[in-house]
Structures are given as structure tokens and as C-alpha cells.
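> Sequence:
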Amino acid sequence: MDTDELLKKYAAGERNFSSANLRSADLTRATLNTADLSEAILSEAILTQAELGEANLSRTILTKADLTEAVLAGAKLTGAILTEAELSRVNLYDAFLLGANLAGANLTEGNLGGANLSQGNLSGINLSGANLAQANLQGVNLTEANLSKVDLTEANLSGADLSGAVLSGAILSDANLSDAILSRAVLTEAVLQGANFGGAVLSGVNLSQVNLEGANLSNAVLTSVNLTDVDLSQTNLSGATMPNGNIHD
1 MDTDELLKKY AAGERNFSSA NLRSADLTRA TLNTADLSEA ILSEAILTQA
51 ELGEANLSRT ILTKADLTEA VLAGAKLTGA ILTEAELSRV NLYDAFLLGA
101 NLAGANLTEG NLGGANLSQG NLSGINLSGA NLAQANLQGV NLTEANLSKV
151 DLTEANLSGA DLSGAVLSGA ILSDANLSDA ILSRAVLTEA VLQGANFGGA
201 VLSGVNLSQV NLEGANLSNA VLTSVNLTDV DLSQTNLSGA TMPNGNIHD
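Last residue of the sequence shown: 249 (the numbering used here), numbering continuous.
It should be emphasised that the hints constitute simulated quantities derived from the structure, not laboratory data. Errors might be hidden in some of the hints.
Said to hold, decoys possible - Straight line, CA to CA, 25 Å or less: simulated PhoX-like cross-link-like pairs of lysine-lysine:
(1) K8 <-> K76
(2) K76 <-> K9
(3) K76 <-> K64
All figures in this text were calculated on a predicted structure; none of them were measured in a lab.
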């Protein structure tokens, strides 16, 4: 199926384009809201500023596709492959990306507020400046990811792997990071008030001068963590393994 055929059928009211081969198609500013593109091939396609609100892109292949400023609010991308895709300033608000593969993708300044990315592969992803407030990132692979200045307010990152991730200036207020792995993560100037790190592994993390007011670090592993000038008076450290190896009362 070529681009013209797709757009003509959509304009005529058709919405089922499941399994369509649209590799390298130019769909710049195309309107495809609520379209069914599940299992379609859109690798290296150009979808800049395309409108795909509430579209079905489950198991769709979007490797190296360009979705700059595309609108996918409420879209379903379960199991979609978006490796190395360009998604800067994309709108994925309330989108469903369960188990999606976004390894190496660029989502700089994207809007993923309330999105469900649980169990996905986001290793090496660039999310700098993105909005992920109240997003579900449970069990997500975020190793070596760039999360600098990301808004993760009230996000669920329980069980996520953030080893080596950069979270400089990130907002994690009231976020859930219970049982998350943050070994070697960079948290310079991150906002962590009220965050839940219960059972999390923070080995080798530099937390100097970070505000942990109201944070929960119970049963967390803090071996080799730098806590210089950190006020822990209002932080729950019960059962935590402290930098010196001792277990906190």
C-alpha cells in the first residue's frame, strides 16, 4: 500500500490498515486518528506532525521512524518497536506502550504524562526535558537513559532498572521507585522530596546536597553512596544499608 492509497481510503472512512507495508512512507502532517495500524511496517517512515490520536499501533514496527511533534495521545502501542526512532516533542499523553521497545529513541521534550510504559525497553533512550508525570514505568529497562530535567512527579518506577541513568535536575517528587535499581545513576540537583526508594539499590550514587525531605529509603542499599551535606532528619532509613555497610535501626 502506498501513501496516496492509504490517505484516500482513510478519507473515505476506512480505518483498518493492519499489517500494511508503509516502509519509508512520507506521512508528514497526515491525519490518521483512530486508524488501526497494528502490526504495520512503518520503519524509517516520516510521520512528523502526524495526527494519530487513539490510533492502534500495537506491535507496529517503527524502527528509525521520524515522529517529531506527532500527536499520539491515547494511542495504543503495545509491543511496538520504536528503536532509534525520532520522537522529539511528541505527544504521547495517556498512551499505552506496554512492553514497547524504545531503545535508543529520542523523546526530547516529549509529553508522556500518564502514559503506560510498563515492562518496556527504554535503554539508552533520550528523554531529557520530557513530561512523565504520573506515568507508569514499572519494571522498565532505563539503563544508561538520559532523564535529565524530566518531570517524573508521582510516576511509578517500581522495579525499574535505572543503572547508569542520568537524572540531573529531574523532578521525582512523590515518585515510586521501590525496589528500583539506580546503581551509578546521576542524581545531581534532582528533586526527591517524598519519593519512595524503599528496597531500592543506590550503590555508588552521589546524593550530596540532594533534598531528601520526606523520602522513604527504608531497606534501601546505600553502599558507597555520597551523603555529604544531606539532611536525613526527615528521611525514613529504617533497615537501610548505609554507606559504611551498617544497617540503620
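> Take the hints in turn and mark each one as holding or not.
Cross-check of the supplied hints:
no. : hint        : verdict
1   : K8 <-> K76  : 23 Å, holds
2   : K76 <-> K9  : 21 Å, holds
3   : K76 <-> K64 : 19 Å, holds
Every hint from the earlier list agrees with this structure, and none is contradicted.
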